[in-house]
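Heads up: the sequence lines are chains S and V, in that order.
Residues 743 to 1040 in this note's numbering are what the first sequence spells out, letter by letter.
Residues 7 to 209 in this note's numbering are what the second sequence spells out, letter by letter.
Since the hints were made in silico from the structure, they are not lab data.
None of these values were measured; they are calculated from a predicted model.
All C-beta atoms, glycine included, are put in the ideal place defined by N, C-alpha and C.
A portion of the hints provided could be inaccurate.
Label pairs and their computed distance ranges (CB to CB) [unchecked claim]:
#, chain 1, residue 1, chain 2, residue 2, range
1, S, Gln-940, V, Gln-152, 45 to 53 Å
2, V, Asp-51, S, Gly-879, 55 to 63 Å
3, S, Thr-992, V, Ser-143, 43 to 51 Å
4, S, Arg-810, V, Val-121, 17 to 25 Å
5, V, Arg-185, S, Asn-978, 57 to 65 Å
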Amino acid sequence: MNAQEHISPEDLALHALGSLPEAESAAASAHLAQCAECREQLAEFSGDVAMIGLSMPQHPLPAGARQRFLDRVAADAYSSRPAPEEKKPQEEKPLPERQASQEEKTLPEVKKPAEEKKAKVVKFPLGAIVPWAIAAGLAFFAYTLNGKIATLNDQVRDESGKVTALKAETAQAERVLDVLTSPSAQRVLLTASKTAPQPSGRAIYIAETGSLLFQANNLKPIADDKTYELWVIPVNGSAIPAGLFRPDATGSASVLLPAIPAGVEAKAFGVTIEKAEGSDTPTAPIVLAGAAAAAAGE
Amino acid sequence: MDSVGFVLTGKNTDFPNPIMAFERTIHNDHELSDDQLLDRLRQSDQQAMAQVFDRYGGMVYSVALRVLKDPGQAEDVMQEVFFQLWKKPDGFVEGRGSLAGWLLVLARNRAIDQVRRRKPTDSPEDVVLASKTNLASETERNLMMQKVRGILKDLPLEQQKSLELAYFEGLSHSEIAERTGDPLGTVKTRIRLALIGLRKALA
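Make a model of the complete structure from these sequences and hints.
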């Protein structure tokens, strides 16, 4: 295919689906880089392909999938903050375990050529055996070495993961101390909205850095498919979810430094009961609530 | 922005639908367009990321699940697609189609890459779509889903078959020809006709 010869609509349709064989696909890409007309047609077909995705029967997400994703985003946002000595651990974040285990599964296949070589040795006459035996020996050595390298790689990955986790823990602990001891932190007492005096919560908040600590006591137990959710109610705008929590056996619970935007001036804090994976908007009734202005400077 | 405040009226029940309906009524007052959410993503706004995820997560997951047939792997693909958007929101170039379509194409392509055990075949920046169908609203998405299902079902059976093998299994046209016993040219024509048939019916 040359630059002048346009790609046939059939091939463009296949290209949009990724169904062109590699060589043809490379030639098509080279032509597309220079031909606006073909690019336009490809975009039409790609748009069609996108629409096919809508025909899928819709499945609910696996339990906890939303939280797992948002946790990953929060961890990334946290690690990407400009902080001294912080590298960017998330960029090197290991693949999800399932993918890693798949890679491991492919290892035996990689080793196959070496094994085949060994099998062939037997068929050669005696004079030819020596070099082949050396080759087989080397192949076997490489095979063993590969195994060792893989094990060492695993160890390195494991160790660097631990270092990253330790760094994150230290940074987290430092921030907790900062918030607890900062004279500019707002200290807010949250009490039950109705008459029952027992459940109570305390929020400590620094708007400037978006740092929030929350501790609650005497909370009622909660059904398995529900969760308590903490909310920051900004002076402007709608409630910001500030973490999910479940009380322990004594009814106590805490939320430390949830991922919330910095610089949000809060007028109140609240707690609601939500479905287990949490919610973006609070659902009545309010279990605990506290106005920031009333408690400021406490 | 007007303040919803924290005092909310609404029924708290154990049934997901009334809750979701209730959430939607609040949410709609502050519904942001995809472009607005993308602007916020560029400033690393986690709330915006959550909103994009809530809007399109189910759709992206369902495509990956259909291709991979494994919830764990489908979740991995879904995570990768959204995390890619989080890390590089500029990978989606505005004016190159809808965000929903872009996410769907990426999810399907990543899932196929995994089925075929190959490295990613394209970069997100390469995905350019002519279709700008706005799927930001749930109603619009549901309508469009029904419509597309109906259109695909009405395509001639052999076109459906060829398209399915290409879309869900990531087979090349020669592999499809081998599988169905049809000549190569016929397979190619069927796939083109199927895509154009879908486009015309949606127009």
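Evaluated hints:
The hinted range of 45 to 53 Å is satisfied by Gln-940/S and Gln-152/V, whose Cβ atoms lie roughly 50 Å apart. Distance hint check: the CB atoms of Asp-51/V and Gly-879/S are about 59 Å apart, consistent with the given range 55 to 63 Å. Range check, Thr-992/S to Ser-143/V: Cβ separation about 45 Å, and the 43 to 51 Å hint holds. Against the hinted window of 17 to 25 Å, the Cβ-Cβ separation of Arg-810/S and Val-121/V comes to about 23 Å, which satisfies the hint.
Distance hint check: the CB atoms of Arg-185/V and Asn-978/S are about 59 Å apart, consistent with the given range 57 to 65 Å.
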